[in-house]
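Colleague: The primary structure of each chain is shown beneath.
Number of protein chains: 2
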Amino acid sequence: MAKWLNGSCLKNDVVISSRIRLARNLEDVRFPQDMTMEESKKVTDEILDAVKEWKSDKYEFHKIGDLSSLERRVLIEEHLISPSLIESPDKSSFLLRNDEKVTIMINEEDHLRVQILSSGLNLENDWNELNQIDDMLEDRLDYAFSDKFGYLTACPTNVGTGIRASVMIHLPCLVLTGYINNTLQAVNQIGLTTRGLYGEGTEALGNVFQISNQVTLGETEEEIIQKLNNVILQITEKEKDIRNKLLEVRRHEMEDRVFRSLGLLKYARIMSSRESMKLFSDVKMGIEMGILKDMNSNTIDSLMILTQPASLQKYFSKDLIPEERDIKRAELIREKL
Amino acid sequence: MAKWLNGSCLKNDVVISSRIRLARNLEDVRFPQDMTMEESKKVTDEILDAVKEWKSDKYEFHKIGDLSSLERRVLIEEHLISPSLIESPDKSSFLLRNDEKVTIMINEEDHLRVQILSSGLNLENDWNELNQIDDMLEDRLDYAFSDKFGYLTACPTNVGTGIRASVMIHLPCLVLTGYINNTLQAVNQIGLTTRGLYGEGTEALGNVFQISNQVTLGETEEEIIQKLNNVILQITEKEKDIRNKLLEVRRHEMEDRVFRSLGLLKYARIMSSRESMKLFSDVKMGIEMGILKDMNSNTIDSLMILTQPASLQKYFSKDLIPEERDIKRAELIREKL
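In order, the protein sequence lines correspond to chains A and B.
Numbered per our numbering, the first sequence spans residues 40 to 376.
Numbered per our numbering, the second sequence spans residues 40 to 376.
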């Protein structure tokens, strides 16, 4: 189980996780997509030196090139690194804090991407922590910064604060009742953006949506965090309201749906990733609605990650073709439930 | 559980039950559809007297008019009486043998319908037993009989031997592979007929087919029984062959199908009759194919009956509207599995 899932944050049932990352670049070095090997080494060394000077936190350093393809994909599935980080394996690396909550990515799309990850909704505390890390790094590094634009970044969508805060939120009852469309529309209208579980262009498998800020320019970091946080609290409220109403007027159907999904998870012998996400969603909802007692929502959150292709192969310590994966996925789920 | 399901006959997995019935009428009394109340009493008394003279078997006598609507429907669902028997409740009655294997129906479509019912394939033994009962009755009653046509019956389709032998057979793998169509066609071509679980015009729910003789004229009873028996053995063989092949080449899919259905039966909170029949079919197949150990096919056979609307209401001792039935059906299934 990814360590960050055990986070001791205030638990918001509907929110699976929150994440904030900052994009930073060193002055007078080309952005990663244009840099030479030499430049990439220079950037890496400077960042490593900067981090080394703190005594408080313990980080482990990994070069992408030293990791197997499977290990790289597992880290992505666990949300510990971003998919872009593995695109130039000879230049990219990362520092992972012991508790797996903080990752400092080197030579991703920008020279530096620092992310902080929590289970549940924890944006404000996480921002304070990330801000301190950023300050410590900034004391020791020369960032590319413009008085007019703020922090400069490889992609103009990140210019300014360089912040992206995003929340993974599980909205089965908004989906069930169709309210999700209005909700997502409203979210987009106020400058936030929604995506699926694994970033841009991916579907909202298992009724999990990723909601994040679109704008990085013209608002302070605190305003961005505050706005996202408020929206998430409102959506959470709405989802919970609907859950309560459904429990009142359609209890049997809700119970049936939840128990059937649990039954399938406990008994199936072949299970696709797509189907498992749907069933996990039902069971997670059932736990949170009090339909399923003696089960922990964390088990499902971690299964959502553990049953992804790479994590699954790591768990069984062998390469699996897709057909085998579906069989092993079913096996793993039965074992864990 | 209907007692006849506990039959000690040779068990043929694929065959659920076999049934033979004889249609007979008393001479010089109009057929039931045209008879007066007085005539119906006369017929009833004569038959009761005839039965009373044997000492060997114990029968219980019931007038349809004395039974509640629920009790009547339960008897039909258990295949102990025919649906036609309850159409004129003031004229009709039946004698049920203690072991529930033999029913003597009075004033159904004919004055007398004697049926014998077994779990599994048991046509030849049952025919011998039924033939003896028929002889005992014939010694004591004057049957309407023509030297040219044989036994006369209310409906010309029964004229001659008055025999209908039918077998309920469970053919999930013939259905799964599509061979069922050819099979049923062949069955029809040799003068046998196929219907669903509860007689003419009903669907083959749960992959259960009823195969019976069409012709009652021009063949002896023994020939009719022999032919049906041979056809059933051939179909059974074919079904078993396909089961074995599927186990070889698609084991995982078969296991997945069986276990998923078991999971749904064990976990669902709402279960329609139609869905439950489909799931029972899968589980029964799984037991017989050795996929599910430690489960008994009889449990499923009896659940197939017990979850029918009337039997379900009898079990819970109360009237249930369809929505409640689906909830109670799910409850009963969870309890029994």
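It cannot be assumed that every hint is accurate.
It does not matter which identical chain is used: a pair holds within one copy or between any two.
Derived lysine-lysine pairs resembling DSS-like cross-links, with alpha carbons at most 25 Å apart [unchecked claim]:
#1 K81 x K367
#2 K332 x K305
#3 K42 x K102
#4 K266 x K357
#5 K42 x K317
#6 K305 x K375
#7 K284 x K367
#8 K91 x K284
Since the hints were made in silico from the structure, they are not lab data.
Colleague: Does each hint hold? Answer for all of them.
Modeller: Verification of the hints:
1. K81 x K367: neither (44 Å within a copy, 71 Å between copies)
2. K332 x K305: Result: close both inside a copy and across copies, 16 Å intra and 17 Å inter.
3. K42 x K102: Within one copy only: 21 Å inside, 72 Å across.
4. K266 x K357: neither (44 Å within a copy, 56 Å between copies)
5. K42 x K317: within (24 Å within a copy, 43 Å between copies)
6. K305 x K375: So K305 and K375 pass the 25 Å test inside a copy (9 Å) and across (19 Å) alike.
7. K284 x K367: Cα proximity of K284 and K367: across copies only (24 Å, versus 38 Å in one copy).
8. K91 x K284: Neither: 53 Å inside a copy, 64 Å across copies.
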